[in-house]
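For the record, the sequence lines run as chains A and B.
Its first residue numbered 1, the first sequence is counted upward by one per residue in full-length UniProt numbering.
Its first residue numbered 1, the second sequence is counted upward by one per residue in full-length UniProt numbering.
Honestly, the hints are just simulated from the structure, not real lab data.
Please read all numbers here as calculations on a predicted model, not as lab measurements.
Think of the CB as a built atom: it goes at the ideal place given N, C-alpha and C, for glycine as much as any other residue.
Any given hint could turn out to be false.
[Claimed, not checked] Label-pair ranges, simulated between beta-carbon atoms: (1) B:K35 / A:A83: 38 to 46 Å; (2) B:S48 / A:G196: 22 to 30 Å; (3) A:S214 / B:T212: 21 to 29 Å; (4) B:S61 / A:L28: 41 to 49 Å.
[As the list claims (entries may be wrong)] Stretch by stretch, here's where chain B covers chain A in the computed footprint (C-beta under 8 Å, at least three residues): (5) 33-40; (6) 63-70; (7) 99-108; (8) 187-201.
Letter by letter, the chains look like this.
Number of protein chains: 2
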Amino acid sequence: MAVAAKFREIGRKIVCVGRNYGAHAAELGNPIPEKPILFLKPTSSYLSEGKSIKIPKGCSSLHHEVELGVVIERTGSNIPETAVPDYIGGYVLALDMTARDFQDEAKKKGQPWTLAKGFDTSCPVSSFIPKDKVPNPQNIQLWLKVNGATKQDGNTKDMIFSIPTLVAYISQFFTLEPGDVILTGTPSGVGPTNPGDTIQCGLSDVVTMQFTVSK
Amino acid sequence: MAVAAKFREIGRKIVCVGRNYGAHAAELGNPIPEKPILFLKPTSSYLSEGKSIKIPKGCSSLHHEVELGVVIERTGSNIPETAVPDYIGGYVLALDMTARDFQDEAKKKGQPWTLAKGFDTSCPVSSFIPKDKVPNPQNIQLWLKVNGATKQDGNTKDMIFSIPTLVAYISQFFTLEPGDVILTGTPSGVGPTNPGDTIQCGLSDVVTMQFTVSK
Ligand SMILES: [Mg+2]
Ligand SMILES: [Mg+2]
Ligand SMILES: [Mg+2]
């Protein structure tokens, strides 16, 4: 079994990529990035199925963002793009829950995104997905429904920066370690969720998961 | 021995506070914050004495920021200010090395600070300092010299938000876990360092450390 399968226990960082789908960058009025936009969530933000996503104190606009997560299998820095597959242990389906009002304020003030992105329960994740279950991670459907209505329905082929490009770029600055997770960005269709909502999402039909939102 | 003493092995996040000394906020032309400004460094950014601080690729202005780090002893969220001492296992002296040019660009574009703050070697730290070595963490000198010349010489009594206020605030959003570290901000006097420079810094005379800077 891949070491990466224990990402919840051993992983020490979650590196997230912002605006990695053109249609999503556009829907929030942002330009297409020239290089990957990186931010972190702490591992304390992980949430497993069966527990509720909690709206953080003071937040009035909690958005869903469904994303493909790449789980790192072994330590690497300055990884060449061609070697990236050797460093990937598997995948997870993840939600990059975002306090959009906190983020809007941070962007306006030139402040960090941490509070908007890293609060407890901001990273609901599926169980580990072995590599062989996702033969082509660059052509798989990512979908999300709120209370049964489809909100996001994209495909990883529309990433601006591919998984090898992202992992290679990130590893130039941050040494990647076993169990670290990279969230590769969300397709368009992000939007608010409210207490009582049920979020269902999936990576095609390889894995699906469901969460409720509470105060 | 405190569990916190193993922060390098077991800790999973480094929560940093920006602009927590008035004179430092002023020297970079920033307003005094109304609430703590939080960002993260990954634990992969830790560096121990004997290894060099490396200027990240593309950075042309790497700044030193000497800071007091608080090491968490046990898990807590929504910690009341009065209970904070029970959650602290000890301290570390730390450098919040900052790619100031990356940060300036991020601030201008409303983007995250992660690349500016979290690159490999961006968090040089001392060995663990047991709690009883710092009887009053809110009145102790923090100093830093570059090539023998004093650049920073402040006192933790000048923090805008005290340690109990910071820990209580952070724990409302982020569950704190054993070995997590909180960097409490830097006094004034930050400035650039260049390849070949030697940085010496100390927490009064309780602990001192030395690092060289390389390409
Ligand atoms: Mg996202
Ligand atoms: Mg972390
Ligand atoms: Mg700092």
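(Q) Let me make sure I understand: some of the numbered hints might not hold for this structure. Which ones are they, in numerical order? (A) Violated hints (numbers, rising): 2, 3, 4, 6, 8; every other hint is consistent with the structure.
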